[in-house]
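Undergrad: For the sequence shown, UniProt numbering assigns the number 1 to the initial residue and increments by one for each residue that follows.
Treat the hints as calculated values from the structure; they're not laboratory data. Since the model is a prediction, treat every value here as computed from it, not as a measurement. By construction, the Cβ of each residue, glycine as well, lies at the ideal position given by its N, Cα and C atoms. Treat the hints with care, as some may be off.
Label-pair ranges, simulated between beta-carbon atoms [said to hold, decoys possible]:
(1) Gln-243 - Asn-152: 23 to 31 Å
(2) Cys-277 - Ser-522: 52 to 60 Å
(3) Pro-239 - Arg-516: 21 to 29 Å
(4) Asp-320 - Met-234: 45 to 53 Å
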Amino acid sequence: MSSKELTVGQSNQFVGPYRLEKTLGKGQTGLVKLGVHCITGQKVAIKIVNREKLSESVLMKVEREIAILKLIEHPHVLKLHDVYENNKYLYLVLEHVSGGELFDYLVKKGRLTPKEARKFFRQIISALDFCHSHSICHRDLKPENLLLDEKNNIRIADFGMASLQVGDSLLETSCGSPHYACPEVIRGEKYDGRRADVWSCGVILFALLVGALPFDHDNLRQLLEKVKSGVFHMPHFIPPDCQALLKGMIEVNSDKRLTLEAIQKHPWYLGGRNEPCPEQPPPRRVCMKRILSLTELDPDVLESMYSLGCFRDRVKLTQDLTSEEENQEKMIYYLLLDRKERYPSCEDEDLPPRNDIDPPRKRVDSPMLNRYGRSRPERKSLEVLSVTEQVSPTPPRRALDTNAYSQRSRSVSGASTGLSSSPLSSPRVRTSPSIVSPGGSGGMAASGSAHWRSRLNSFKNNLLGSPRFHRRKLQVPTSEDMSSLTPESSPELVKRSWFGNFITLEKEEQIFVLIRDKPLSSIKADIVQAFLSIPSLCHSVVSQNSFRAEYKSSGGPSVFQKPVKFQVLLPEREGRRELGIYSVTFTLISGPSRRFKRVVETIQAQLLSTHDQPSVQALVGEVVAC
């Protein structure tokens, strides 16, 4: 997809009723642009997938993601509104959230208070519990995949590696991000996706409370060894009851790891009586009736279930759906059917005339039967290329954005065609059976260095797909820049996840320090002296009355230790002599605001130079500790 094809300046760029505007980001499967409804003004995020440049297997994974997003309806899960398509592109119309990633929020604020961390954690657990109750495991939970809306509420996003785990079956695909992946995934064993998600949530909670990750190392092999050992430092400032919760979630033995039910009964989770509970979805009571014949089965819902990956045996699926007993297949079928009946997908009406040769068309319902076997009025259906199985004929295009989702293989072929920006988003890691693991569980061989080297290279290849999340630079272009950015002109857009720029810039943070009875020349000298007295701080002179400084913390783990960059501006001329007051302005450019305030306090102590101020050395110690 070239930038010329998707130029925002073209006034005739529409997807249904939505006008395409600035580029929000780029994923490995396509651009994400801001869409604005031409009548209501509603903002959405539209992911544009070039189906001509992607393999059929990757398009199947896109279909799986569409399916799972339709199956899940929860206040803290990112919503998929509609799907449009033409001969070349697939358009996913997603909910637009303006708060950005939880990762960027953590970088800016540093560690959170237990109260704020609990609010986020409850919302994550509430949404995850809903997913698990529908047999869906996310498998790539991390702050980059947790978005914030305008009220700072969580939205779980990027189900590109999710999987439908039916019954007591286990998953096999090693996927996720190494900092958040559980030991059994790292070892290449079969694993319970629900318990893997619990481990990831424990790591996220630790990051919220500490501002760092429990397992981190610049060397990937050392990092994986740390994760497998499960040994990490627990800071003293974490409340004791929360420490117990973290130890129960970040537990190497998956059988001993806390379940979501146990987490929701934990004292720390229940603490804070005055804190609001997470918003819950409206109850969905789906009546499952016996299906007497195959003619009663809805073709759109069946295609959605085929896309999930775990119902590929069509004969067995139809047998399960027509059996007298209640089963998982029936539950998913009726959930999808209920969703389709409540949100029918019809052709757009009253759209302004356009001259596009191949305009995007909305996926609409095919002729179908309702759950009671009565025929419904036929709707127009767009025939498109089949992206289900290679042997299956081209089906009528379904209007249901298929949403039961098992992404068992979304992690296949990541370096070239992966659907997620996660470090381990795509390549399926294939390992030989472990020498020490019975039953051919696929663990790392203890004796053969070749086996280990092969597996390590697989992880490295996965990581090369996107930079380590905590090393990347946070660069949010201006609104003017964003309108013209393309992957070619802005490599940073390629690096960030395509959700990462659903963000609006916050107002710049400034601190004003008033200084009395000192000449301007002395103030300048004191500022320079303060800069030199703080370890790990470097500065440069921008102009006669302006400095730029950068503080890098030299202690503690590097994760979330983003440098603090700020500007210092002095008055242009001498103040009035009778007042003798000057205002020095400190403006945060980037980095955690809490550490920025500490650095300014340190400088302020030297500028004021009074005996009752804290010592510079003491304040420097606080800066390093924060």
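Undergrad: Against this structure, judge whether each hint is valid.
TA: Consistency of the hints with the structure:
1. Gln-243 - Asn-152: 23 to 31 Å: holds (25 Å)
2. Cys-277 - Ser-522: 52 to 60 Å: holds (56 Å)
3. Pro-239 - Arg-516: 21 to 29 Å: violated (42 Å)
4. Asp-320 - Met-234: 45 to 53 Å: holds (47 Å)
Of the hints listed earlier, the one the structure fails to meet is number 3.
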